[in-house]
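A.B. asks: Spelled out from the first residue to the last, the chains are:
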Amino acid sequence: MDYFLNEVQLEIKELAHRIAEEKVRPVVRELDESGEFPWEIMKVLADADLFGVYIPEEYGGLGGGVMEQLLVVEELSRVCSGVAVSYAASGLGAFPILLFGNEEQKQKYIPDIAAGKKLAAFALTEANAGSDAAGIETTATLDGDYYVLNGTKQWITNGGEAEVYTVIAMTDKKKGSRGASAFIVEKGTPGFSFGKKEDKMGIRASATRELIFSDCRIPRENLLGREGMGFIVAMKTLDRTRPGIGAQAVGIAQGALEEAIKYSRERVQFGQPISSFQAIQHMLADMATQIEAARALVYATARMIDSGAKDFSKESAMAKLFASDVAMRVTTDAVQIFGGYGYMKEYPVEKMMRDAKITQIYEGTNQIQRNVIALELIKEYASKKK
Amino acid sequence: MKIIVCIKQVPDTTEVKINKETNTLIREGVASVINPFDLYAIEEGLRLREAHGGTVTVLSMGPMQVIDSLREALSMGADEAVLLSDRAFAGADTLATAYTLSKGIEKIGSYDLIICGKQAIDGDTAQVGPELAEMLEIPHVTYVRRIHEIAGGQITVERMTEEGSEKIRFPLPGLITVVKEINEPRLPSIKGKMRAKKAEIPVWSAGDLGTDPEKTGLKGSPTWVTKVFTPEQKGGGEIFEGEVGEQVAKLVRMLRETKIV
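Residue numbers (the numbering used here), protein chains in the order written: chain A, 1 to 386; chain B, 1 to 261.
Among the hints, a few may not be true.
[To be verified] Straight-line C-alpha distance at most 20 Å; calculated EDC-like pairs for lysine to aspartate or glutamate:
#: 1; chain 1: B; residue 1: 191; chain 2: A; residue 2: 57
#: 2; chain 1: B; residue 1: 191; chain 2: A; residue 2: 215
#: 3; chain 1: B; residue 1: 197; chain 2: A; residue 2: 57
#: 4; chain 1: A; residue 1: 43; chain 2: B; residue 2: 43
#: 5; chain 1: B; residue 1: 180; chain 2: B; residue 2: 212
#: 6; chain 1: A; residue 1: 23; chain 2: B; residue 2: 184
Think of the hints as simulated: they come from the structure by calculation, not from any bench. Keep in mind it's a predicted model, so treat the numbers as computed, not measured.
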């Protein structure tokens, strides 16, 4: 399918593809086994200017948008989505500052993130606040010119590796979700430490870690927007980054499809390559068709966001939901085509199946995405009726 | 520090086509890349610039399609690129190539260091670098795997030899050819690619350089290829199996039968 990418987008896609092939592919298995953070690859992505593709030029970026970011995520995910999510999570940490930060905050933090000199991370989830984000227990209490943070964030992508964290904490617990606020916290701030690093099923190259705040004092000017805006910051950020999970899913599925086609042409059973069997052919055809549909939805959503649309919660949720379900099905089918070999770590598709699973879970489970979509549908209908 | 890096565009594939009349490579229509060894030369030039300041100019001789390779060098971070292109340059051997490059370098003007890859993967001669240095009457060191120091108008390098290495200090301006052990070439950046796309790359002809027509191209080439062929496959050997004693007996018998002993 031709998506009519512009010249710069084509360059970005091509360079991300090249980095994935030349720098990531040779170490995919090693990274999956060791779970070591891929700093060397992050450096390559930084030198290639890819951390700045979605950041405005006045903050050192290339002036693109979500679409440009997705192209990088998709190409990296095609080879290793653990690497891709480490890249993407920096954007997740940067968007709250880009969307809600004041000029001073943007000038202070964004250029280094755009240059890839510093990674960013976004901290919302807690042990008792996953899908129910209103259950946040981390608190921020104003004390003179400082906010004092206490609490523990869980499963934070890029935790420990990132320098800049955007953290959602309660400034007024009585107000429930309206009592949450967003803050910028720098690594190294006294009272801010890291807990255990998770041992995960997939995306093992990425770092997932606890953030522990214990009387962590941060300057008052690190508040993003106003007090009480924390949930708006989180939701608007996630609306913008969910297509990124879609792109990750499309990339994983694309990688799995390519491996499945290659294998089916090499594997001989009953005296012929298994690609000559219609049972296999139809699986491949279905995989490819689903991927293309997912990609089209993800790209269309990204373009809608980049066009300056105000509300895209529904489309963004759809893109994430659909693409991640596709990735799970496609990678499962890829393992099936590989048969017993597909189940073995020596072959690449079992990792893709493990990696695909998380795309149905994080940045809002697919059940939550359906809630978002349904709520928007009902809202739209009701507002038309009036 | 003013650095000139000489690069060659080579066919991307081993399936090269040969012009049967001239027995030279047909380059048109074949996917081309920067000679891999020259990527190390570009990278080393960029690293020296980062350490000492200055500029990196990339120079090549060849048909107009070489512009693509020069743009790639610019996208890696080189400051300027120049192409020497003229029908009169076509079919050049290493000597005529070195002569033409030397005229290009004279036109560029001053420089401190010229860096070349140790050889091109198509011709494999490793001659152009040293020949170029001779024509420019500057010192040169080949197979450099490390630059130790540049100070006081001198450069100290480590050169690979079959037995080990040699550490050599020599005055600048000079020329080095580099081996792949020297560095790991960087990939281009998006900003670099965008800059390279817009960059103007001057193309200098025989007229611009004032080259002697007797010294360029096929005419200026004292060597020419008379025949290109794939060596005939020699008959396969025979491997004896069994006990060592039996094998030796068999070998002796065979050597006698064939009247070798």
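A.B. asks: Now, for every hint given, state plainly whether the structure supports it.
C.D. replies: Structure-based check of each hint:
1. 191(B) with 57(A): Distance of about 11 Å is within 20 Å: holds.
2. 191(B) with 215(A): With a Cα-Cα distance of about 43 Å, the restraint between residue 191(B) and residue 215(A) is violated, given a limit of 20 Å.
3. 197(B) with 57(A): The hint holds at about 19 Å.
4. 43(A) with 43(B): holds (16 Å)
5. 180(B) with 212(B): violated (35 Å)
6. 23(A) with 184(B): holds (12 Å)
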